[in-house]
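Trainee: One letter stands for each residue in the lines below.
2 protein chains.
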Amino acid sequence: MPQGKPEAVPEDGLTTRQRRNRPLLIVHTGPMKGKSTAAFGLALRAWNQGWPIGVFQFVKAAKWKVGEETALLALGEVHEQTGRGGPVEWHKMGAGWSWSRKQGTEIDHAEAAREGWREITRRLADERHTLYVLDEFTYPMKWGWVDVGEVVEALANRPGHQHVVITGRDAAPELVAAADLVTEMTKVKHPMDTGAKGQKGIEW
Amino acid sequence: MPQGKPEAVPEDGLTTRQRRNRPLLIVHTGPMKGKSTAAFGLALRAWNQGWPIGVFQFVKAAKWKVGEETALLALGEVHEQTGRGGPVEWHKMGAGWSWSRKQGTEIDHAEAAREGWREITRRLADERHTLYVLDEFTYPMKWGWVDVGEVVEALANRPGHQHVVITGRDAAPELVAAADLVTEMTKVKHPMDTGAKGQKGIEW
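Chains A and B are the protein sequences, given in the same order.
Under my numbering, think of the first position of the first sequence as 774, with each following residue one higher.
Under my numbering, think of the first position of the second sequence as 774, with each following residue one higher.
Just so you know, these hints were derived from the structure itself, not from any lab.
Careful: at least some of the hints might be erroneous.
If several chains are the same, the list does not tell them apart, and a pair holds so long as it fits within one copy or across any two.
Cross-link-like lysine to aspartate or glutamate pairs, in silico, DMTMM-like; alpha carbons within 20 Å at most [to be verified]:
(1) Lys838 x Glu976
(2) Lys875 x Glu842
(3) Lys973 x Glu888
(4) Lys973 x Glu900
(5) Lys962 x Glu900
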């Protein structure tokens, strides 16, 4: 049921209202698809609340565009034109971040990932968005491009009321420990097991 | 990677193209939140493909409206006004389906669930939508209101190219067996464990 009931009331000195309004660090991990899809689904709720949304995709592919990008940016346009919902920004690492001077297909992805993270820390300090989707951000941490300890510390100290969702396989134990909500998407059955290929509208 | 590579090529006599374009039955189950959210995320992709989308929520609450409803209906309006994306319909069982003569807070939910399912079978026969989200539809099956065997048979015989996503806990084994793709959302950590309550923008 949507409202939910706590299983226990903690002795943290907070009021129910304070606990209710706690900004969350959410991690979607596990081997199965649905991690990013569920994060973009959360963005629908955020949009409806009028929250400024920032999506940061830590993907190597330069031109790849998922259907969610077009759809969420269309909702951002609805906000601009009618005032309904919230504003939406969508940034991709791919061939270089939109704000970066370094662009092109030959960019250094390790450096680009660090640059993305630096921009996110600036935005967190400025309280620019209410929902951040850091899509596939577990990989730069896994590969040692961005320091997990630094990420956990920056997120722990973020000001105001900013929700952060991080997606990707193999979330670091430190990140899981720091998160408020962690969901693992587990494969029970997948059509590619029986030789099917990805298809439009479903996989992208 | 989005395109995906099959682990094995089956001897089913189908071409790659035929397999690629197979209409899918997708089940999101497991104890954790994210099942419906990921299904609505899939609807974003479907919208971007211009597919007609039908959401059918098998929920008892009459007035409850999740943020996804407002956001996806806003995308439906974008389609109506500009031709971009696809049309979106959203129906809720709650106090009676929109097309039903039986409405009000005193409705018989078992009968309403059966009525919802009958309407879905009619729409499948008419090939009305390309993506059906049957949200929380596992429960009417679990409670014996709608016969699982009948659902599996109707879905197996659906004509054309119609994708169906069913969400909810405790998916019946027959449904899992019939599905092409099954994801289980598993709880690793949830803020309600430590006494936090649900909050707007996150839980609804």
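Trainee: Treating 20 Å as the Cα threshold, decide for Lys875 and Glu842: within, between, both or neither.
Mentor: Neither. Shortest intra-copy (22 Å) and inter-copy (39 Å) distances fail the 20 Å Cα cut-off.
Trainee: Please work out whether the CA atoms of Lys973 and Glu888 approach to 20 Å or closer within one copy, between two copies, in both situations, or in neither?
Mentor: So Lys973 and Glu888 fail the 20 Å test inside a copy (31 Å) and across (32 Å) alike.
Trainee: Are the CA atoms of Lys973 and Glu900 at most 20 Å apart within a copy, between copies, both, or neither?
Mentor: The answer is between: 19 Å across copies meets 20 Å, while 36 Å in one copy does not.
Trainee: Quick one: Lys838 to Glu976, C-alpha cut-off 20 Å, is that within a copy, between copies, both, or neither?
Mentor: within (11 Å within a copy, 27 Å between copies)
Trainee: Between the shortest in-copy and the shortest cross-copy C-alpha distance, which are at most 20 Å for Lys962 and Glu900: within, between, both, or neither?
Mentor: Result: close neither inside a copy nor across copies, 40 Å intra and 26 Å inter.
When the structure is compared with the earlier hints, violations turn up for hints 2, 3 and 5 and for no others.
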